[in-house]
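Participant: Spelled out, the chains give:
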Amino acid sequence: MAEKVTILIDGTVHEVECGTTVAAAVLNAGRSLFRRSVTGAGRGPLCGMGICYECRVEIDGVLHSRSCLVPCRSGMEVRTDG
Amino acid sequence: MAERLMGDSVESDICIIGAGPAGLSAAVAALERASSVTVVDENVHPGGQIWRHDQIKGENPELRVLMNRLPRERVNLISSATVIAAPAKGRLIAETPHGATPISYQRLILATGARERFLPFPGWTLQNVTGVGGLQALVKGGLKIADQRIVIAGSGPLLLAVAAYLKQVGARVVLIAEQAPRRRLIRFGLSLFSNPARLGQALTLKRQLSGIPYLTDCYPVAADGEDKVRRVILQQGAKIWQVECDYFACSFHLLPNLELASLLNCGIEAGRVVVDNSQRTSEPDIYSAGEATGVGGLELSILEGRIAGYMASGNLPGAARLFRRRDRARRFARLLDQTFASTAVLRELPSDQTIVCRCEDVALGSLREHRSWKAAKLQSRCGMGPCQGRICGPAVEMLLGWQPDSVRPPALAARLDTLLLTAELAEGQNTQEWSKE
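First to last, the sequence lines map onto chains A and B.
If you're matching positions, the first sequence starts at 7 in the numbering used here and goes up one per residue.
If you're matching positions, the second sequence starts at 426 in the numbering used here and goes up one per residue.
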């Protein structure tokens, strides 16, 4: 079994496999809304490779982080707009 | 995490941007003569898109072979780094988790790869509507996809490769809708007979995809659902019907990533970086290899990468040996472009209410009021958001015929510390120009 790390997604604890991207962890947690667009629409990942910026969330206080490019690390705090 | 204002500066004779097949092949070739190389890559793990690190399957075996030929002490691999500016000749600024890193080079190889082409249709901004490679990348990053119903649509061989992958990892691929007309695909299929290796790959793929309908001349007219996509409405000829799904993966073939080449003033024509037969761009010390010079697949990327690596390290005979094989592989690239070119009907998909620019929520109707990219940008902010027109640019080009604007630094949304460093390094540059974001 893969090693696990524990992260917080919008204040809730989630155990995820080591190496999982934040984008995958958020989706696996049953959440598909990552950010709200300028007109308030809920959006989620599109390109999966750091180009579209649709998957941006707050990671450890850093706003607008592209969650598809960042692997989960133990103790990480993720905030979506959902 | 403690943020440093500035990463360590990096000096290198040969610097390669992109650690996919072309970039890594360039590094291996260059090391036959050069003592060391620098490779800058945006992802956490090397491999690019096709050899992306896979949470399920681990490291790609072809990637492992290449990496074994890149000894750590001779290759400075800078991962999680995005090049955002070129403040002076021979200088780049990369943004990394540790801050902005200045990089200097004598010779540069751009192996920036390709991205998917997205075209707007009603509902394409719903959650769980993703790219085709995009969904695969998410799954490789650990997204659990078993038993999820997936509709794949758009265009290109990627649709088939991703369908096979998703099926293998337990997803339920409902159907594949390819927009290209059947006659084009038959011609493409016949051409594979001249290349036994490619024919073999195609036949394996066909076996893996048994049981999944592959519809040609078929395209999505809308995605529907409240927040998340619930169903896709498809059209084939006069027939229109809907299919339920959990994810809708859709993209229309691939596009070279040109932003960095454009920033460095390398010539670009027909959506590709222009290179001569030695992979040299219009800028004397800058080479380009792989999908950036035209989408042609893995074999061509590797050959171009090796040629660029040999040329950048002064090994002309090494490069010349590969020209014929490269030229043959390039013919296949042209065939790909012809086969999977978007049909005109795709222009009719978005309504005036359909959002085109997802960063700034600009709908097609409000773009029609303008006459050029520049006017639309100034008045509607279309293409001015964090992605800098990477997603909407190709769509606008197809829908309205506007040519893309030139790239200005920062090439992407950047942090303030990166911008300050960039401004500092750009002698004589006005700081204000850099700090708009």
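Treat the hints loosely; a few may be bogus.
[Claimed, not checked] Which chain A residues face chain B? A few, computed with CB under 8 Å, are given here:
#  : residue
1  : Val11
2  : Gly17
3  : Val19
4  : Val22
5  : Gly25
6  : Thr27
7  : Ala30
8  : Ala35
9  : Leu39
10 : Arg49
[Unchecked claim] Footprint (simulated), chain B over chain A, 3 or more residues, beta carbon under 8 Å:
#  : segment
11 : 40 to 48
12 : 55 to 61
13 : 68 to 76
Calculated from the structure, these hints are not laboratory results.
The structure displayed is predicted, hence computed values, not measured ones.
Here a beta-carbon is modelled for each residue, glycine too, at the ideal position from N, C-alpha and C.
Participant: Hint validation: Val11(A) versus chain B, beta carbon distance must be below 8 Å. Holds or violated?
Facilitator: The hint is violated - Val11(A) has no Cβ within 8 Å of chain B, the shortest such distance being about 11 Å.
Participant: Take the shortest C-beta to C-beta distance between Ala30(A) and chain B; is it under 8 Å?
Facilitator: Holds, about 4 Å.
Participant: Can you confirm whether chain B covers the segment 68 to 76 of chain A, using C-beta to C-beta distances below 8 Å and requiring at least three such residues?
Facilitator: Holds: 4 residues of the segment 68 to 76 of chain A have a Cβ under 8 Å from chain B.
Participant: Quick check on Arg49(A) please, does its C-beta sit within 8 Å of some C-beta on chain B?
Facilitator: holds, 6 Å
Participant: Are there three or more residues in the segment 40 to 48 of chain A whose C-beta lies closer than 8 Å to some C-beta of chain B?
Facilitator: holds (count 5)
Participant: Once the shortest beta carbon distance from Thr27(A) to chain B is found, is it less than 8 Å?
Facilitator: holds, 4 Å
Participant: Holds or violated: Ala35(A) as interface residue toward chain B, Cβ cutoff 8 Å?
Facilitator: It is violated, given that the least Cβ distance between Ala35(A) and chain B is near 10 Å, above 8 Å.
Participant: How about Val22(A): closest beta carbon in chain B under 8 Å, or not?
Facilitator: Holds. Min distance 7 Å.
Participant: Restraint: Val19(A) near chain B, CB-CB cut 8 Å. Satisfied or not?
Facilitator: violated, 17 Å
Participant: Would you check whether Gly17(A) satisfies its interface hint, that is, whether its CB is within less than 8 Å of any CB in chain B?
Facilitator: For Gly17(A), the interface hint is violated, since the closest Cβ of chain B sits about 20 Å away, which is over 8 Å.
Participant: Holds or violated: is the Cβ of Leu39(A) closer than 8 Å to a Cβ in chain B?
Facilitator: Hint holds; Leu39(A) Cβ to chain B Cβ min 6 Å, cut 8 Å.
Participant: Can you tell me if the segment 55 to 61 of chain A counts as covered by chain B, using C-beta to C-beta distances under 8 Å and a minimum of three residues?
Facilitator: Holds, because 6 residues of the segment 55 to 61 of chain A bring their Cβ atoms closer than 8 Å to Cβ atoms of chain B.
Of the hints listed earlier, those the structure fails to meet are numbers 1, 2, 3, 8, in rising order.
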